[in-house]
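Residues per chain, in single letters:
There are 2 protein chains.
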Amino acid sequence: MSWAEGFIAVDWGTTNRRAYRLAGDGALSDEMEDGLGILSVESGGFPDSVRTIRERLGDLPMLMAGMIGSNRGWVEAPYVPCPAALDELAARLVWAEPGRVAIVPGVSLDRGGEADVMRGEEVQILGALAAGLVGGDALVCHPGTHNKWIRLERGRIAGFRTVMTGELFNLLREHSILADLLDGPAGPSRAFAAGVRHGLDEDDLLAELFSVRARILLGKQPREEACDYTSGLLIGSDLRVGLRGAEAGAGEVVAMGRPELTRLFAAALREAGREAIEIDGEKAFLAGARKLAELVKA
Amino acid sequence: MSWAEGFIAVDWGTTNRRAYRLAGDGALSDEMEDGLGILSVESGGFPDSVRTIRERLGDLPMLMAGMIGSNRGWVEAPYVPCPAALDELAARLVWAEPGRVAIVPGVSLDRGGEADVMRGEEVQILGALAAGLVGGDALVCHPGTHNKWIRLERGRIAGFRTVMTGELFNLLREHSILADLLDGPAGPSRAFAAGVRHGLDEDDLLAELFSVRARILLGKQPREEACDYTSGLLIGSDLRVGLRGAEAGAGEVVAMGRPELTRLFAAALREAGREAIEIDGEKAFLAGARKLAELVKA
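The listed protein sequences correspond, in order, to chains A and B. Letter by letter, the first sequence follows residues 1 to 298 in our numbering. Letter by letter, the second sequence follows residues 1 to 298 in our numbering.
It should be emphasised that the hints constitute simulated quantities derived from the structure, not laboratory data. Keep in mind that the hints are not guaranteed to be accurate.
A few chain B residues facing chain A, derived, Cβ under 8 angstroms [claimed, not checked]:
(1) S2
(2) T15
(3) V94
(4) P98
(5) S211
Here are the computed distance ranges between Cβ atoms for each label pair [what the hints assert, rightly or not]:
(6) B:R51 to A:R197: 48 to 54 angstroms
(7) A:D183 to B:S40: 20 to 26 angstroms
(8) A:R197 to B:V296: 43 to 49 angstroms
Even for Gly, the Cβ is constructed at its ideal location relative to N, Cα and C.
Just need the whole structure built from these sequences, with the hints factored in.
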């Protein structure tokens, strides 16, 4: 059971976990996914919880990233401050089982009034960089429950900002007065583009959200447009935060993450006049895990 | 059982209802409140549901306002479009029981791209106006689940804008990643003022919300400040929408509604350099109900 024979890379989040078996040459040979996120594991229960992964994918060393390294996870892996590269992450791995289970630290931003944290995205972003999928100077948009806008400078994570766009969309969809309007998946339709436009141009998100309902009540907008428009509105507002500042103007823009989300963000970025490269977050995660495993072996 | 002998005024909302017995001379003689909002009443169940109010407060005519007039209520009372005054509301009462139970219509805004609706607040605002508590030209802020900013012009509701600030605060508090930080009631502390300041100055609400959590994780802000700061942040952002436009500069600013909320909004308005008159929404509602009953009698 040595790293040279291969390893299992785990992206262990709050509500889900994904595990991938990578052979010694880096090839993906098997994978699994289940709903056993860290919140479903009791304190002290991680050694047991990890057994089900090994039973399924083999008794190999493991490299874990995501919320598994948070203060609610298995062992806390303290944040590496920006600017951060893959070398620093490798140097600060925390071993949950010596030599067998390494946990990748998250990255923090703590500079003057700015404060932010990430856990998991850093492996994807620095992995994409290591694999040459992204250049060393880029603006990366990583949509998800907590969208991240990450500035890469000279091959390092220089800074980033988290926007709670995905979480708000979920809250609205599950618990708000708009819930019954937000059925179905959002797509990049004409209504979506109109929402993006409004979000980019106007600074009135919480008012415009109510207008969606009012326009439908007053028969001014078809009900079928509500979901796409609202999704566009939220993403447009998100872009206004993410594209702000001088850095946003330079270098390439990348949308990285789950393809159904990067597709929406790339469409919104196009509406804002920016062409984005889309990168599958899973592919980027595996690239990052491979590179970290190499550094462990070295 | 005639209006001259007195009546019962009911503010029947989505999740609660309040009923007040007013004598022939307008004096408040009894009141009740319970959790039987319209969502707890099945279709066709309103005649039964109203019996419990009559049993408690007497067999008197009733005047009802709020969501009871919506398409999920007893009988739908179509919106009166802006500009709207108390006369129009009286002329468009809908009778759920002829001569016995009148339902007050809500007010709508449907002008070009603007669309908005209210049900319940109009009785308070026009009531305060009728009672001389507010001047005929004013900007009224009515905090609640759905905050309303209402422009009064020459004694009429000229326009208004709803901001989902209260609902977002509740969603964050009950279901979000910030939930454990948002315990306790928010108060107008120094942290609250800092949040208001940020909300007034910066257009990054959904990012700043995540920063609250990040600053606490990184030890940059005391956890005890989170609730006040977040409340201030949301209210500051709300004010930026409400105080926008030329109208906002002229006339008095009024904060009307539940005293624990008008107190917070008045504090935030002070931070924005505006002194607000606070008016208890219940008092204003009773003033409006009395005036409408007079118009019914006439």
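Violated constraints from the hint list, given by number and in increasing order: The structure breaks hints 1, 2, 3 and 4; every other hint is satisfied.
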